[in-house]
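Throw the hints in and build the complete structure from the sequences for me.
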Amino acid sequence: MGSTSVSWEVTSLEVQTTTPSATSDGLYANGNMQVPVVVVIKTIDPDTNTSYQLSESDLETIKLIDYDDPPTELSGSWSYSTTENEFDHSLPSSKKALQPDLSLTDGGSQKKRYWVTTTKVENKRVAASIKQPNGTVVHTAGDPYDSKATLTGTDVVTYKLDDINLRKGDTTSGTGETVASQKWSSTNYYLTTNKYPLRKADVNGDNLRTDQGVENSYLENAMACFFSASNEFDIFYYWPMGPEETRRVGGASGAPIEITVNEESNALCFTHMHLQNYDFDWTFGFLFYYRFIFYDQFGNPGTFWVGYNDSHTTLEILDHKYTADDYGHDA
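If you use my numbering, the sequence shown corresponds to residues 2 to 332, in order.
Think of the hints as simulated: they come from the structure by calculation, not from any bench. As the structure is a prediction and not an experimental result, all values here were calculated from the model. Ideal Cβ placement from N, Cα and C applies to all residues, glycine included. Watch out, some of these pointers could steer you wrong.
As the list claims (entries may be wrong) - The following label-pair restraints were derived from C-beta to C-beta distances: (1) Arg292 <-> Gly136: 51 to 61 angstroms; (2) Gly143 <-> Thr62: 51 to 61 angstroms; (3) Thr62 <-> Leu162: 44 to 54 angstroms; (4) Thr73 <-> Arg292: 32 to 42 angstroms.
As the list claims (entries may be wrong) - Calculated lysine-lysine pairs in the BS3-like style (CA-CA distance at most 25 angstroms, straight line): (5) Lys43 <-> Lys112; (6) Lys125 <-> Lys112; (7) Lys121 <-> Lys64; (8) Lys322 <-> Lys161; (9) Lys43 <-> Lys132.
The structure is reproduced here in structure tokens:
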């Protein structure tokens with residue numbers, strides 16, 4: 002709530018963008034990409050006719066409204082927040098000025114920054130409003146403080162299989178520490194796009210530990226395990242996006258194997274482990290149907306599934322849920 006113990010009145014109210022024009026900006030209509038809108042305000046104490054500085058709680062009462070339908074607050078397909086997210090805030094072809102300093106400026110102006118998103122492809126003219134202690138609502142959708150930011154929601158970038166790159170990395174291998182016949186190999190796969198770098202991913206699929214009750218930390222993030230002849234196993238993992246790190250894998254609690262994952266930035270990392278002659282705490286194969294939604298640097302999403310080819314020894318990316326019929330063998 003704003004302050005009511007001290008009277009103040011607005012003498013200047015303006016809406017700005019951080020583009021060179023300061024009046025317009027564009028964003029993908031994906032509900033994720035944000036663009037900043039800055040409200041610049043000056044107030045006075047009417048009793049003394051001197052400059053008055055609003056408190057932070059006063060500034061928080063500033064609203065972004067529809068310039069063409071005042072005083073309707075932005076909502077629904079257009080929304081705003083004080084919280085900045087992880088996605089880029091300018092379209093590929095546009096340039097942004099440095100983010101403004103929100104501290105006091107010359108002349109006693111104060112600034113409040115909001116982050117605007119949309120899911121609609123259209124032009125939206127955005128104004129601002131604030132309620133004074135005397136109950137008067139002051140806004141910029143007309144005189145005397147006529148000001149607006151014109152925001153343009155553009156078509157979402159879509160992703161199909163042709164837009165996906167799946168790079169198979171080098172294979173590393175080794176043997177068991179105590180049993181010479183134990184052999185393993187590890188291959189990382191890195192998923193990128195030919196459009197924009199990835200920023201994050203949401204992965205949906207059962208977890209062997211939390212969903213199936215298998216108490217083995219080396220199976221964390223395991224998506225599937227397939228048995229083959231001669232006590233051989235093929236285990237596939239996914240890894241949350243992040244910095245390069247070392248993970249313990251393999252499934253045999255007494256014989257951990259350390260591998261390096263996330264060696265490539267802005268990519269989604271998967272691992273294929275092939276193991277031979279390891280003793281496991283479980284004797285069953287498993288297959289979880291993993292769907293992942295990645296988001297590029299601008300928040301544009303792509304939805305795909307994980308599949309397995311070449312007798313379950315090669316990771317594939319699909320545009321549909323993996324089934325046993327995909328490659329003509331049992332899943």
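Verification of the supplied hints:
1. Arg292 <-> Gly136: 51 to 61 angstroms: The hint (51 to 61 angstroms, Cβ to Cβ) holds, given that Arg292 and Gly136 are roughly 52 angstroms apart.
2. Gly143 <-> Thr62: 51 to 61 angstroms: 20 angstroms, violated
3. Thr62 <-> Leu162: 44 to 54 angstroms: At 49 angstroms between Cβs, range holds.
4. Thr73 <-> Arg292: 32 to 42 angstroms: 38 angstroms, holds
5. Lys43 <-> Lys112: Between Lys43 and Lys112 the Cα gap is close to 9 angstroms, so the pair holds against 25 angstroms.
6. Lys125 <-> Lys112: Measuring from Cα to Cα gives roughly 21 angstroms; hence the hint holds.
7. Lys121 <-> Lys64: 20 angstroms, holds
8. Lys322 <-> Lys161: 15 angstroms, holds
9. Lys43 <-> Lys132: Given pair Lys43, Lys132 holds - Cα atoms ~13 angstroms apart, limit 25 angstroms.
This entry does not satisfy hint 2, going by the numbered hints stated previously; all others are met.
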